[in-house]
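There are 4 protein chains.
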Amino acid sequence: MYYGEKKIEKPIRWAMVGGGKGSQIGYIHRSAAMRDFNFDLVAGAFDIDPERGREFGKQLHVDEDRCYPDYKTMFAKEAKRQDGIQAVSIATPNGTHFEITKAALLAGLHVVCEKPLCFTTEEAEELEALAAKQNKIVGVTYGYAGHQVIEEARQLIAEGKLGKIRIVNMQFSHGFHNVAVEKNTASTKWRVDPKVAGPSYVLGDVGTHPLYLSEVMLPDMKIKRLMCSRQSFVESRKPLEDNAMTIMEYDNGAVGYVWSCCVNCGSMHGQKIRVIGEKASIEWWDEHPNQLTYEVQNEPVRVLERGMGYLAPSALEEDRIGAGHPEGLFEAWSNLYSRFAQAMDACDRGEHVEFWYPNVHAGAEGVRWVENCVQSADQGAQWVDYK
Amino acid sequence: MYYGEKKIEKPIRWAMVGGGKGSQIGYIHRSAAMRDFNFDLVAGAFDIDPERGREFGKQLHVDEDRCYPDYKTMFAKEAKRQDGIQAVSIATPNGTHFEITKAALLAGLHVVCEKPLCFTTEEAEELEALAAKQNKIVGVTYGYAGHQVIEEARQLIAEGKLGKIRIVNMQFSHGFHNVAVEKNTASTKWRVDPKVAGPSYVLGDVGTHPLYLSEVMLPDMKIKRLMCSRQSFVESRKPLEDNAMTIMEYDNGAVGYVWSCCVNCGSMHGQKIRVIGEKASIEWWDEHPNQLTYEVQNEPVRVLERGMGYLAPSALEEDRIGAGHPEGLFEAWSNLYSRFAQAMDACDRGEHVEFWYPNVHAGAEGVRWVENCVQSADQGAQWVDYK
Amino acid sequence: MYYGEKKIEKPIRWAMVGGGKGSQIGYIHRSAAMRDFNFDLVAGAFDIDPERGREFGKQLHVDEDRCYPDYKTMFAKEAKRQDGIQAVSIATPNGTHFEITKAALLAGLHVVCEKPLCFTTEEAEELEALAAKQNKIVGVTYGYAGHQVIEEARQLIAEGKLGKIRIVNMQFSHGFHNVAVEKNTASTKWRVDPKVAGPSYVLGDVGTHPLYLSEVMLPDMKIKRLMCSRQSFVESRKPLEDNAMTIMEYDNGAVGYVWSCCVNCGSMHGQKIRVIGEKASIEWWDEHPNQLTYEVQNEPVRVLERGMGYLAPSALEEDRIGAGHPEGLFEAWSNLYSRFAQAMDACDRGEHVEFWYPNVHAGAEGVRWVENCVQSADQGAQWVDYK
Amino acid sequence: MYYGEKKIEKPIRWAMVGGGKGSQIGYIHRSAAMRDFNFDLVAGAFDIDPERGREFGKQLHVDEDRCYPDYKTMFAKEAKRQDGIQAVSIATPNGTHFEITKAALLAGLHVVCEKPLCFTTEEAEELEALAAKQNKIVGVTYGYAGHQVIEEARQLIAEGKLGKIRIVNMQFSHGFHNVAVEKNTASTKWRVDPKVAGPSYVLGDVGTHPLYLSEVMLPDMKIKRLMCSRQSFVESRKPLEDNAMTIMEYDNGAVGYVWSCCVNCGSMHGQKIRVIGEKASIEWWDEHPNQLTYEVQNEPVRVLERGMGYLAPSALEEDRIGAGHPEGLFEAWSNLYSRFAQAMDACDRGEHVEFWYPNVHAGAEGVRWVENCVQSADQGAQWVDYK
Ligand SMILES: NC(=O)c1ccc[n+]([C@@H]2O[C@H](COP(=O)([O-])OP(=O)(O)OC[C@H]3O[C@@H](n4cnc5c(N)ncnc54)[C@H](O)[C@@H]3O)[C@@H](O)[C@H]2O)c1
Ligand SMILES: NC(=O)c1ccc[n+]([C@@H]2O[C@H](COP(=O)([O-])OP(=O)(O)OC[C@H]3O[C@@H](n4cnc5c(N)ncnc54)[C@H](O)[C@@H]3O)[C@@H](O)[C@H]2O)c1
Ligand SMILES: NC(=O)c1ccc[n+]([C@@H]2O[C@H](COP(=O)([O-])OP(=O)(O)OC[C@H]3O[C@@H](n4cnc5c(N)ncnc54)[C@H](O)[C@@H]3O)[C@@H](O)[C@H]2O)c1
Ligand SMILES: NC(=O)c1ccc[n+]([C@@H]2O[C@H](COP(=O)([O-])OP(=O)(O)OC[C@H]3O[C@@H](n4cnc5c(N)ncnc54)[C@H](O)[C@@H]3O)[C@@H](O)[C@H]2O)c1
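Chains as they are written, first to last, in the working numbering: chain A, 446 to 832; chain B, 446 to 832; chain C, 446 to 832; chain D, 446 to 832.
Simulated from the structure, these hints should not be mistaken for laboratory data. There could be a bad hint or two in this list.
Listed below are the simulated DSS-like cross-link pairs for lysine-lysine, each with C-alpha atoms no more than 27 Å apart in a straight line [unchecked claim]:
#1 C/K634 x D/K724
#2 B/K466 x C/K628
#3 A/K683 x B/K724
#4 C/K683 x D/K609
#5 C/K669 x C/K609
With the hints as extra help, turn the sequences into a complete structure.
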């Protein structure tokens, strides 16, 4: 149980690039970061429109002169301050992540970057190397991974409760883009423009989320080969897909499926992961983020609930309100941001943290997976060896 | 609303081959057929073991001398009686379906055959031709199709409520065979023996069920090509699979997925179909066979319920107890058997019925699909043109 | 597992009073009774309108001359036949149950009577005595009690899995009569006419169903006192209620609640029972009749499923299709009718059956409960000692 | 949609009494208050144990010299500071609420008080008067009311979508105290001690929550009389109840039920409210706090979802992450605290806010309801006129 005490001695001085007024994801970054004394928002280049960004920054109690017109100015100016920022979160459209992350690392900052980290494995490897060289943390916001029962799933699997893993069935499939909403919505427009969005739409935008959940739950499984079939049901989205099915073969003989979709009309809660072993399965669904079903064949299905004493200690640490009360996505993100803060703080003290969090390698893995999927899809949905 | 009145003038004199004591599926055939004055059970070759078969037949009030040791004897002897059987249901292991159906047609009988109708499209075409020549009905027991809301789904789609269809997501995925239960259970043993089961296990055993639901809902969509990835997680089942994922491309640009599985630990109600159009989706799940969700994008999800006045008239005809009360699988089968009886009766009178039912072509289509899936899988999960 | 074999040597010759064309409940009686060789429908006085009744009987393959204009004629004429009826089911409006049951017993018939058995405990006691004197079975169709997991609940409680029972929370609350549908529907009209319906509407019509479930699950608990608050939200229904809440105190210190309602707009599946003990609870809901939740405090909620090997043997006996497949209300009724048949058959042979079924005392108890509720309600919802 | 901008010019200087390390409810107060620049935590008397309280305060970044040993000292010392606190939240055991709230108002502070506001209506009226006299805000943390779909329910009802209201069915029923956990848990111990807890346990502790939801949804309905039956299943809790059923009659002819319980074994999400009108019902359940079912009789049940464009504008204002993503209890509380802040800020500027929030009268109403329930229960569960 967590009562809100500080986890690091002093809040980290923190800025955002992007995440401005009207952006989809900016608020949850701030809400998660600023909770529980982990980060202080002291600067920002919140918007592609500098004026709007400054106005917004002021609404967030950021000093006017630390509301910057762009990230370059911010990194340069902040570097000169005694009390300059120590970390930055990047919540801009995909096409800018690589260059901003790189610039931030070069500016000596810790980074929290939105997914996708970048567009190519080449870029990803460059960032992995740079983070290592600069000795800085790069966190990636696979936010759902912060739900506490995801950790319980990881523990159950580690303890062998499921037996040998056979099938991992994943999906993130919503319906909000069933028609060309991008015609009228700025924040969807860039998503279907390859220059800004990268080589894929739904594979990267949604598919990588349950994929990362599988990586948390199954840290030892490696993809051997995969095939991906993708479509653009809204024609104008071509070459970017709005629907895709990926089949993966893992090195241990297991198979995985990922259904990524944004034209699944009516679907409100489209993210699920089911891990099937030879003895039992576990399933998590984002409509019930506080629950995990644990299904041993020939026994009654069990519904595990966040916060209950029968969970693994590590799945209980981040309980904030007790069992039976619904925590939501904000707590999941808060849990991640708390780990980012602790990792940054430890890093600054020359130490390491023990717990997992979506780091630069997780970010790189997402990029790699999309790249492989796209390669397969573009070859007519043929199998490709995973590399 | 249906009150139990006869739908045909006189019950059809009927026999069973297989479906004996201890068999999985025999009882539901009898229960569905004998309901509502459609069929009278007057003879049978219920068991591979003649003695056990006779004993069982007597328990079913079948005259001892019409409890036959095998189907050949039965067809021959019954043909000589004035009051001989008019129709036969075949509920034996897969490997016998072709020869028994053929023999029954040649003996001038109407047939209800378990799925799969046979093993190859060649055989299927032979049966299609023979049924036409003999002018006899062949029904195939894709029993779930008899649930009333399946008809509602068909109507909603026909009326264009979903718009152009884009994705059909299907699964039949249970966990009862997560280990080699066939070592100890006769009724599972034959299922993994290619000689008796045919060229596939779960594709045919479970996958063809939601596939047929999709055919009912989407009568005009044709598969263009498919690929299938299959595994035998219980090694001794090789070459037969206990898990498979099939991806299909339809001629209208839609895609379909079928997950067929019997090692999905803990899954109790594994059959689902979701049809996604450009405007709305519908979803049916066998855990709630009386409900259908109808999900128009940007409107609240609606839960349609069996028996309610807002349904299509054709979806209400077979209501037997009123809305709000759970009908189950037995009613679904009864609905099919009632259609079989009416089709047989009409056929005998030189007429045709207007309504759909799983007929010999539906049976043939299931066989064709499995054949294509197996071909793809055996080529390393490559795409094959559907033929 | 049950495969459909006969449970009694010869089907019982059986007739119906009421349950005619268009009646709500007639079909399920026939479907349940005639299943599995338990009863043969050989006669009937199906309708208040003799002509319509005869027409309907013919549709049910009943000989025209055994389609009687009224029950008196039927009992008289059948008594004179060698092959006359042995049992009768009564599915007429409430006001006739007492006299028809009495007449049937006097005519030497076994009876299956719809609830309520009669209107007053005085009448009920008369029927109890008469049934004993005539040595005949009177079954009452509390049909939901036939769901197999109800037996599982009974066993779990008997084994002490819940500990001392504290609270029994029941409801049967639907919305189909939210407005005065009786203005246009014959089968609702009589329900709100005290002369035909008796002293209550929803208490008797729906409330007694979960009450009987509680009697099956908790055979030893006795009501000590109760209070009932009832309303007629559709004014024209006065003095009969369309909503009621009953609070009961049991002799062992437990309390019970029954919410009876027919104006609960939109509620499709309104029957639930939750039994709460000091260690655990069980809950059954008619929307999921094949499931029972078993909830031990501080353990994950378990979902028990019909047909699974972990259930009590007595809860598995009536499985007809295996776990994971939805059985419905028809199977529940079939299970009861099968017990009625076996009880009648044993009775005729001078024996007794071991298993429970809703017998004449269960019918009497429902009448008593309604009487007490009405008495309380009519005194301004004051407590009354249960008698 | 809310992006986190400040709603008031400057955060309110804020302190807590109680809510210390290990307390159940302290963290959610802080998390909700400190979110979005509404309140700055600058002082506290967090714990009955001053030393532990000071240690904890330091963990919350409160200056050591503003971590006070008790609330009296705090109010006195803070009053002398230029930058002294402007508001205080009280999260101590029930028995102290009255005196601390009174002291806070007298010290010129705005107050957020935990429920129950006090023990008697006499006290409640004193606080109502004092708040008016001091012209200060008293907010009461009926936290669930902050869920956005509660506002949607209020709007649907106000628009007449349900028609005349007939039945309000409420429950808050959990199982965490099925045995005498208070023997070992400090935070449960006081709850069953009348001196500290007040005249009731579950009625006040949980029952008042859905009651307040009903007040939000149905602002015009007044209770006319009620009866309450309560029990102490864990004997040592006497005279305080661990289970209670309350039946209410409203002045417009509607009835209400509240089931309050803490011995409902296994129940994880026990809070529900269902409002039934003559045309439709709405239902909210805390297991799905982002959903509201809207059930028009004879139409398919509709599931309304937080964040969707079809909701009332006022139900969308506090959306923080978009539809389809689970917000939880923390957002509900944040919404309330945001309204408290705005109300305090407006009050200081001599203005009023337009929106509803649980104010001192809501607090008083809860106290009144418990008082009436207890009076009824203590008279043997007799009806009492509501006063
Ligand atoms: N982790 C998740 O669950 C999740 C969810 C949604 C979005 N995202 C990711 O977050 C990122 C942002 O997505 P969004 O939906 O919030 O986009 P959006 O279009 O809604 O908002 C983008 C914001 O970035 C600002 N911006 C754009 N270019 C900028 C620049 N060069 N410098 C500074 N600000 C700039 C815009 O003004 C806007 O405020 C994307 O990479 C997306 O993939 C992640
Ligand atoms: N439609 C469905 O939903 C469904 C469900 C289950 C099974 N099935 C199909 O039904 C068929 C039977 O399956 P099952 O699970 O009941 O098998 P089972 O092994 O449980 O029973 C087979 C029965 O057939 C008898 N039999 C075997 N060979 C025979 C022969 N030559 N002549 C007469 N009787 C013979 C056996 O004695 C036994 O009684 C299979 O084709 C299977 O695919 C369909
Ligand atoms: N057990 C249950 O779950 C359940 C459910 C519904 C109804 N019921 C009970 O079943 C009984 C019938 O209800 P229903 O809803 O089917 O009623 P209904 O009005 O739909 O049908 C009544 C039938 O009885 C016939 N009838 C009336 N008077 C008769 C008479 N004197 N002789 C012969 N036939 C006569 C009518 O013609 C009609 O066919 C009632 O007592 C009701 O309480 C029980
Ligand atoms: N609104 C809700 O949903 C909700 C939920 C839980 C509790 N509550 C209410 O919150 C209040 C606190 O409940 P809890 O469960 O957190 O209790 P708790 O026993 O867990 O914690 C009480 C806290 O108050 C401190 N405290 C006690 N007396 C004090 C005093 N005189 N001065 C300063 N600190 C003192 C204790 O040290 C402890 O930190 C109760 O009134 C309870 O009814 C409300």
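Results of checking the hints against the structure:
For the suggested pair C/K634 and D/K724, the alpha carbons sit about 20 Å apart, so the restraint of at most 27 Å is met. Restraint check for B/K466 and C/K628: the C-alpha separation of about 52 Å exceeds 27 Å, so the hint is violated. Our distance criterion of 27 Å between C-alpha atoms is met by A/K683 and B/K724, whose separation comes to about 20 Å. For the suggested pair C/K683 and D/K609, the alpha carbons sit about 18 Å apart, so the restraint of at most 27 Å is met.
Under the criterion of a C-alpha separation no larger than 27 Å, the hint pairing C/K669 with C/K609 is consistent with the structure, at around 17 Å.
The structure fails hint 2 only (numbered hints given earlier).
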